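Chemist: Sequence:
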Amino acid sequence: MNTMKSDVVIIGGGLGGTQAAWTLINRGLRVIMTEETDWIGGQLTSQAVPPDEHPWIEQTGCTAAYRTFRNQIRSHYASLVKPELLQDRYAYDNTFNPGNGWVSRLCHEPNVAHHLLQSWLRPHVEEGRLQILYHTVPIHADTHGDAVTKIVVQNRITLEKSVLAGAYYVDATECGDVLPLAGIEYVVGAESRSVTGEPHALEEADPADLQAFTVVMSLEKLDAEAAADNKPIPRPDSYERWRSFHHEGSPYPLLSWWDTKPNATHDFRKFICLPDDVDPMPLWTYRRTIDASQFQDGMYSGDLSLINWPQNDYSIASPVEMSYEERDELIAEARQLSLSLLYWLQTEAPREDGGAGYPEFRLYGPSVGTEDGLAKSPYIRESRRIQALYTITEQDVSKELRKAQGLGIRRYEDSVGVGHYSMDLHTTTKTGRSCYIPTMPYEIPLSALIPMRVINVLPACKNIGTTQLTNGCYRLHPTEWNIGEAVGHLIAYSIAQGVIPRSVYEDKQHLKAYQSELDAAGVQRCWPFDGVE
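Each residue of the sequence shown is one higher than the one before, counting from 8 in the working numbering.
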């Protein structure tokens, strides 16, 4: 096998891995990064999920690099906007939203995000500081004592194996795949209330109870003339299965406009599809990435939207603890669910204006970089999670619990970043639970990024020290980006000072010096308010 050496080996080219790599090479270190697909950027790109962001994102609450990224996304679209819109807020107060989607203030196309992230890394690749191995996954790890000494990876297309060796390793995979290979202590699935003390935890732990995952699809909305000539996709093989599928306790089929209300298992809400000037949350505009009415004629033939709805959440099983071959089979089933949703939309879905079916919808591949219009990779919400020096729990972030005690934001002396999102738990595979629990804005403690035992492996995404519940608010785009940056700076500091990451946390002088480097790099570590209303 070919052996490749570098200062740092990053396994997984998702959002956290990409930002760890970008940070490390800008700190003068050499990096090898693997990526399972041929696109870096993870949930923002290959998984086709527009950025889920908090309400203060335009003013505060993210790293300087993330803000630069957002500004550059808007700059990309500026030349495409209708001239008359350039004179109002779309161009000049930096709040232009390409899709006018209501999930985010910056709903944009995944391919645009990918090209931008590539432009950040390309010079470093060309100069040899960064090597990216695409279509590559980890299959084995060697350890000595409490350190990893090498990781064996394999190209899933050519089947060629390589040995990667470095001083430090970063697990930035979507499922925390390095953890079991290296024997790193981890938690998966639902914890018990007796262990975490969380009011919304299960009475008994269930490692097999994980959140639904989703194969996102990109759709284009055609005008009436084009829709008249548009044919439905071929009827998916699994269509009847999904057409008749009901979640336990629900009177409504999965392929319908009905879903459970947040935090309720027997109370339901009805969605609409297209805007009607009454319902503020139609599904079509939920994750719409292009509002064609904002752009110059000929730029887009119709609106574009990314379909990541309750109806294509796959909750039968989770890919996390599976082999790669088993994952492939499960993901193929989830793809069938998404295609079944589209077939239902095109042929049977009740319309607000009467009748059935939306022939104006068709798959649109360019936004997601595929021929079939389905995302390159599934959006896997929940990963294996390290047993960390500190585990973030519901009590640290819940707005209800903290306000009841007269408390605001949970402050950490070792904070390395900030974020905010509700604890969003999608339907789980065993108990069928879901929840959407309001939270305080939160900080990211360094101690949640450091494994209890292993000294040279760090997490860089949703595999940090959270619980299943708090993963639901720490897994979103700005937070994962921040985690990647913080880990990159931590490794660079540790190498420069000749210490291990745990020592940076335990030694107050090292901690302060490391945090000063974060401050200098524009990594916001605390909120400018206390969160108490």
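No wet-lab data here; the hints were simulated from the structure.
Don't take every hint at face value.
Below, a list of computed lysine-lysine pairs in the BS3-like style, where the Cα atoms sit at most 25 Å apart [as the list claims (entries may be wrong)]:
(1) K157 to K12
(2) K12 to K168
(3) K268 to K157
(4) K519 to K168
(5) K268 to K383
(6) K168 to K157
(7) K406 to K238
(8) K168 to K268
Per label pair, the in silico range of CB-to-CB distance [claimed, not checked]:
(9) I146 to E420: 56 to 66 Å
(10) H122 to L93: 18 to 28 Å
(11) A271 to S201: 24 to 34 Å
(12) S300 to T150: 51 to 61 Å
(13) D379 to D286: 56 to 66 Å
(14) D236 to G190: 26 to 36 Å
(15) W264 to Y141: 32 to 42 Å
(16) E134 to E340: 37 to 47 Å
It should be emphasised that the depicted structure is a prediction, and the values quoted were computed from it without experimental measurement.
Glycine is no exception: its CB is placed at the ideal position from the N, C-alpha and C atoms.
Chemist: Would you mind marking each hint as holding or not holding in the structure?
Modeler: A quick look at each hint next to the structure:
| no. | hint | in the structure |
| --- | --- | --- |
| 1 | K157 to K12 | 9 Å, holds |
| 2 | K12 to K168 | 14 Å, holds |
| 3 | K268 to K157 | 47 Å, violated |
| 4 | K519 to K168 | 41 Å, violated |
| 5 | K268 to K383 | 30 Å, violated |
| 6 | K168 to K157 | 13 Å, holds |
| 7 | K406 to K238 | 48 Å, violated |
| 8 | K168 to K268 | 47 Å, violated |
| 9 | I146 to E420: 56 to 66 Å | 39 Å, violated |
| 10 | H122 to L93: 18 to 28 Å | 23 Å, holds |
| 11 | A271 to S201: 24 to 34 Å | 25 Å, holds |
| 12 | S300 to T150: 51 to 61 Å | 57 Å, holds |
| 13 | D379 to D286: 56 to 66 Å | 30 Å, violated |
| 14 | D236 to G190: 26 to 36 Å | 58 Å, violated |
| 15 | W264 to Y141: 32 to 42 Å | 39 Å, holds |
| 16 | E134 to E340: 37 to 47 Å | 43 Å, holds |
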